[in-house]
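Undergrad: This is what each chain is made of:
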Amino acid sequence: GAVVSQHPSWVICKSGTSVKIECRSLDFQATTMFWYRQFPKQSLMLMATSNEGSKATYEQGVEKDKFLINHASLTLSTLTVTSAHPEDSSFYICSARPKSSYEQYFGPGTRLTVT
Amino acid sequence: TQLLEQSPQFLSIQEGENLTVYCNSSSVFSSLQWYRQEPGEGPVLLVTVVTGGEVKKLKRLTFQFGDARKDSSLHITAAQPGDTGLYLCAGAPWDSGYALNFGKGTSLLVT
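For the protein sequence lines, the chains are A and B, in the order given. Residue numbering for the first sequence follows my numbering, starting at 4 and increasing by one per position. Residue numbering for the second sequence follows my numbering, starting at 16 and increasing by one per position.
Simulated from the structure, these hints should not be mistaken for laboratory data. For each residue, glycine too, the CB sits at the ideal point set by N, CA and C. Careful, some of the hints might be misleading.
Stated by the list, open to error - Every beta carbon over 10 Å from chain B, so not counted as near; a handful from chain A, in silico:
# : residue
1 : A5
2 : V7
3 : H10
4 : I15
5 : L29
6 : Q45
7 : G64
8 : E66
9 : T118
Stated by the list, open to error - Derived pair list, reagent style EDC-like, types lysine to aspartate or glutamate, alpha-carbon separation capped at 16 Å:
#  : chain 1 : residue 1 : chain 2 : residue 2
10 : A       : K23       : A       : D68
11 : A       : K17       : A       : E90
12 : A       : K23       : A       : E106
13 : A       : K44       : B       : E53
14 : A       : K44       : B       : E56
15 : A       : K67       : A       : D91
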């Protein structure tokens, strides 16, 4: 149980285009989903927290107009990187939290490369 | 602000050795989780500790939560090459809701 999927697993896009990443909880309902960014050999950096049906809460320094998050249902959240630039290249990981649980279950991550 | 200080940052040991990874904070946590991450993959939850002083065992891995709920440790007995990976501790401070703060991680290499 507690499986989270992400799609795509990797994507290459040109500078200036937008990319959408999907995060799905496959066997549980996720009250909250989180989006993280991870640079090579570093820990996870929380970007934003999203609750189903409400606006996402962004961490300090994360541009909400650049990283659009939609949490349309209890099993799906999407992250759209708008007008991507090479510095947005990174490993993006989502996690999902079941109701009344402190535990988060992570997706396999999406490797974004902007050329 | 790094709430959780993890040490050591890097560890290279030989198969069969024992090791301990520490996760310390000045903040009190409602729970602490330990994850293991392999390159190019998402972190996998190993254990959650909730009660101060709690000890949990997962085969050769032993996890302990400090009495004051500010620190935790992960001890691996007789390490194997399959234990290689990035170990992350993460916790939810009492007043932060459910968002997790992550330590910087311990990169373990067992040869």
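Undergrad: Now look at each hint and say whether the structure bears it out.
TA: Comparing the hints with the structure gives:
1. The beta carbon of A/A5 is not kept farther than 10 Å from every beta carbon of chain B, the shortest such distance being approximately 8 Å.
2. Once the 10 Å rule is applied to beta carbons, A/V7 is inconsistent with being away from chain B; the minimum gap is 8 Å.
3. Distance to chain B confirms A/H10 as a non-interface residue, since its nearest Cβ pair spans about 13 Å, more than 10 Å.
4. Once the 10 Å rule is applied to beta carbons, A/I15 is consistent with being away from chain B; the minimum gap is 15 Å.
5. Non-interface call for A/L29 relative to chain B: holds, since the shortest CB-CB distance, roughly 14 Å, exceeds 10 Å.
6. With a closest Cβ-Cβ approach of about 7 Å to chain B, A/Q45 is found to fall inside the 10 Å limit, against its non-interface label.
7. With a least beta-carbon separation of about 12 Å from chain B, A/G64 lies farther than 10 Å from that chain, consistent with its non-interface assignment.
8. Distance check on A/E66: its Cβ is at least 19 Å (rounded) from any Cβ of chain B, clearing the 10 Å threshold; non-interface status holds.
9. Here A/T118 stays apart from chain B, with its beta-carbon at least about 19 Å from theirs, past the 10 Å limit.
10. The hinted pair formed by A/K23 and A/D68 meets the criterion: a straight-line CA distance of about 14 Å does not exceed 16 Å.
11. Pair hint A/K17 plus A/E90 holds up; C-alpha atoms about 12 Å apart against a cutoff of 16 Å.
12. For a cut-off of 16 Å, the pair hint linking A/K23 to A/E106 is broken: about 25 Å separates their Cα positions.
13. Between A/K44 and B/E53, the direct Cα distance comes to roughly 11 Å. Compliance with the 16 Å bound is thereby established for this hinted pair.
14. Distance hint between A/K44 and B/E56 is fulfilled; the C-alpha atoms sit about 13 Å from each other, no more than 16 Å.
15. For the suggested pair A/K67 and A/D91, the alpha carbons sit about 14 Å apart, so the restraint of at most 16 Å is met.
Hint violations for this structure: numbers 1, 2, 6 and 12, all remaining hints satisfied.
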